[in-house]
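Student: This is what each chain is made of:
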Amino acid sequence: MKRLLFFPGHRIIAYEWHRGRFRNVQAFEPDEAGRTAFRAWLDASPRTPVQLLLDVIEEEFHVDRVPHVLGRDRAALLKRTAQKHFRSTEFRYVTVQGRETRGRRDDRLLIAGLTNPEILKVWLGLIDTARVPLKGVYSLPLIGERLLPQLGAARVPRALVVSQQVPSTLRQSYYERGRLRFSRLVPGRYDDAQGYVDFLRRELDQTLHFLETQRFRRRDDPIDVYVLAGDDTHEALREGLASTDTVTCHLVPLSRLAPRLGIRGGLPGTFADAIYAQVLLRQPRPANHYGLPRLRRHFFVQRARVGLRWATVALVLAAVGLALGTGLRARAYMRATQQARARASEFRALYQQRLSQLSEFQYRAVDVKNAVDLLHRLADAASANPGSMMARIGNVLNGHPHIVLDDFTWQVSGDPHLKVDVDQRRPLASGTPGLVHGIDTSGKIYRYALLQGEVVDFGGSYRRAIQRFDAFVADLRGSGQFGHVEAVEAPFDLKPDSGVSGDSGVDAPGDKAQRARFAVLVRTGGSDGRG
Amino acid sequence: MAAAEIDLRRLLGPGLAAAVALALLLALWVFGGRWVAGKAAQYHQAHAALAAAARQYRNASDDQAVYQQYAAEFRNMNRRGWIGGGSRLSWIESLQHINRELKLPTLRYDLGRRRPTAVPGAELDASRIQLLRTPMHLTIGALHEGDVVNLLHRLSEAGQGLMSTQRCSIRRADDAGRIRFDPDVANLDVDCSLNWFTLELQPQGGSS
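Just so you know, the sequences run in chain order A and B. Residues in the first sequence are numbered consecutively from 1, following the working numbering. Residues in the second sequence are numbered consecutively from 1, following the working numbering.
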């Protein structure tokens with residue numbers, strides 16, 4: 001429910017309003033009984049804010065232009081301008097209505113003020129005493145700007161709205177493109193509907209003339225006049241008001257306007273006060289015109305109380321939500337912890353079970369694996385011995401009865417090109433990388449045999465001895481058992497760069513005294529595929 | 001009583017209520033947050049314990065697979081004295097035992113010092129696995145070359161470690177090349193260089 005006070009200058013009228021429906025409309029006279037009743041009305045619902053709507057003769061409207069400035073300067077300039085226009089009252093209101101289109105493009109201002117605020121003093125005092133929140137004090141002509149769209153006059157260049165809120169006065173408000181420029185309230189007395197029409201026409205002419213003299217409009221500028229008429233005067237106005245070339249009259253019946261504005265249950269009276277009241281009450285946060293902060297302090301307190309209550313509710317709800325969220329999170333963690341512990345226990349049990357199966361080994365698995373792998377490699381390499389080489393050479397020797405070996409030296413080496421120490425007649429010791437103490441770790445190992453002996457029974461014929469040696473070497477090579485066969489020393493070295501000596505005399509010792517010694521190096525193993 | 005004071009008194013109740021609600025919210029925020037943080041810490045702890053237990057079990061499973069793959073060979077190598085074996089006295093006794101059967105006219109041995117040896121290309125944790133080498137030299141007087149091959153083979157099978165022959169030199173004992181058929185006289189003079197390898201393994205839980 002909302003509460004509204006309408007003050008037309010003498011008595012005050014109170015409305016209670018709920019979703020477009022006016023009820024419990026009361027008028028309070030400015031006497032002791034009226035004030036008492038008004039106080040009772042206020043006390044009936046002390047926490048409900050009231051809005052005060054003014055429609056008084058003592059309200060004036062001025063227009064002015066000021067330079068366009070921003071920020072603090074703007075606020076100060078507006079305040080100073082308002083003070084300049086209304087020095088004797090603190091009930092003043094200033095609003096910027098746009099900018100000039102020419103020159104330095106000044107701001108266009110409307111300044112409104114109550115020239116005699118004393119008329120409100122009694123009622124405002126009662127409101128303050130009752131500690132009833134005063135939401136704001138509003139000017140009816142300014143509220144009328146919000147009525148224009150409903151009249152279809154929101155964008156009309158010049159519109160004059162004529163209305164009657166109480167029987168004794170006539171309100172005429174002039175708007176340019178939806179913004180109030182001027183308004184006047186005139187008292188009037190008439191006896192019947194025709195008298196009202198005459199009164200209205202007379203005042204209308206005066207107002208139009210005033211607008212011309214004040215240069216709000218030129219004589220030939222068209223203007224739309226909207227007359228808000230009650231049912232009792234509607235017929236007379238329809239007959240008595242006529243449009244001219246520049247003045248277009250629109251008769252707006254209140255009974256049709258009220259539903260368009262959302263008023264339910266009909267107007268509470270025959271005048272337009274409820275129309276403006278409806279426009280004001282429908283606005284959630286209407287701009288306050290004359291409500292001074294000291295007059296509105298109970299409203300501020302009440303807003304603060306409401307705000308604090310809402311804040312309390314919000315905080316409590318947040319606390320409940322936080323508690324719930326915290327509880328849920330903690331519960332989720334606890335469940336997950338429980339599950340993790342249970343799973344860990346299962347794994348530990350399985351581990352113990354597995355451990356019991358592994359108790360046979362006192363060594364780590366990785367050490368066992370490394371040991372086996374290493375010993376495998378060592379064992380493969382260590383399997384070599386002279387026996388295999390002896391057997392292969394023996395097979396070849398069987399076909400050469402005149403070849404006699406007297407020295408057999410076998411050696412393991414990682415060097416594929418092992419040299420022979422000719423003087424010592426033995427393979428050189430090898431320091432080939434990858435061969436550790438006779439055991440190759442890279443997979444390449446060579447077995448060498450240095451065969452030393454002599455050719456026998458060659459009858460002193462060097463040629464025969466050489467032929468027999470060559471045949472032996474050829475058989476070694478042709479056997480396919482060896483990867484490399486090298487004649488290190490032949491029985492008789494007949495090469496041109498070698499010296500030769502002998503005894504071919506009759507008394508020579510014969511072939512028994514002559515030795516046909518030789519040395520042959522053979523190799524197996526490595527990558528030649530002959531192990 | 002001043003108007004401002006009255007206004008403040010009217011705000012006192014809702015203000016106190018809002019303050020209490022705010023305090024409640026903050027208390028819930030702080031203490032609830034700590035409580036949840038504690039529960040979260042317990043959860044993370046339990047999760048870490050679960051991960052550790054799962055890892056331990058998985059490692060044990062892996063170990064079991066390794067053991068299953070290498071157990072037989074490991075036992076065989078252990079039995080042959082390649083791992084942990086290597087008593088010099090046992091080796092000498094084995095040599096004497098072999099020669100009682102071969103009856104070699106000459107069999108002299110020379111054992112060097114046993115020392116750890118590195119194996120190039122094998123990345124081993126020296127604190128857990130150590131390959132030990134003992135250099136050996138045999139001087140043999142043999143009736144024929146078969147004695148040498150037989151001796152080396154039997155030494156390798158004696159179960160005292162891994163034997164590797166590095167070099168052997170066989171020379172006729174008689175410069176004239178005559179062969180004697182006397183079992184107490186050698187026909188061949190043989191010199192062999194060998195390496196005797198054993199592997200030392202650190203048991204599980206042993207100091208590394």
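Calculated directly from the structure, the hints in this document are not laboratory data. Keep in mind the model is a prediction, meaning the values are calculated, not measured. Using N, Cα and C, we set each Cβ at its ideal position, and we do this for glycine too. It is possible that some hints are incorrect.
Per label pair, the in silico range of CB-to-CB distance [as the list claims (entries may be wrong)]:
id : chain 1 : residue 1 : chain 2 : residue 2 : range
1  : A       : Ala75     : B       : Ala27     : 39 to 45 Å
2  : B       : Leu26     : A       : Ala75     : 35 to 41 Å
3  : B       : Gly33     : A       : Ser356    : 28 to 34 Å
4  : A       : Ala304    : B       : Ala51     : 52 to 58 Å
5  : B       : Thr117    : A       : Gln352    : 35 to 41 Å
Output of the computed footprint for chain B on chain A, the stretches with three or more beta carbons under 8 Å from beta carbons of chain B [unchecked claim]:
id : region
6  : 321-327
7  : 362-370
Student: If a hint holds in the structure, say so; if it does not, say that too.
Tutor: Going through the hints against the structure:
At about 43 Å, the beta-carbon gap between Ala75/A and Ala27/B stays in the expected band of 39 to 45 Å. In this structure the supplied range 35 to 41 Å holds for Leu26/B paired with Ala75/A, their Cβ-Cβ distance being about 38 Å. Gly33/B and Ser356/A have their C-beta atoms about 46 Å apart, which leaves the hinted 28 to 34 Å range violated. Ala304/A and Ala51/B have their C-beta atoms about 56 Å apart, which keeps the hinted 52 to 58 Å range intact.
The hinted range of 35 to 41 Å is satisfied by Thr117/B and Gln352/A, whose Cβ atoms lie roughly 40 Å apart. Using a Cβ-Cβ cut-off of 8 Å, 3 residues of the region 321-327 of chain A lie near chain B, which meets the minimum of three, so the contact claim holds. Residue count for the region 362-370 of chain A with a Cβ under 8 Å from a Cβ of chain B: 9. That meets the three needed, and the coverage hint holds.
The structure fails to meet hint 3 from the earlier list, while all remaining hints are met.
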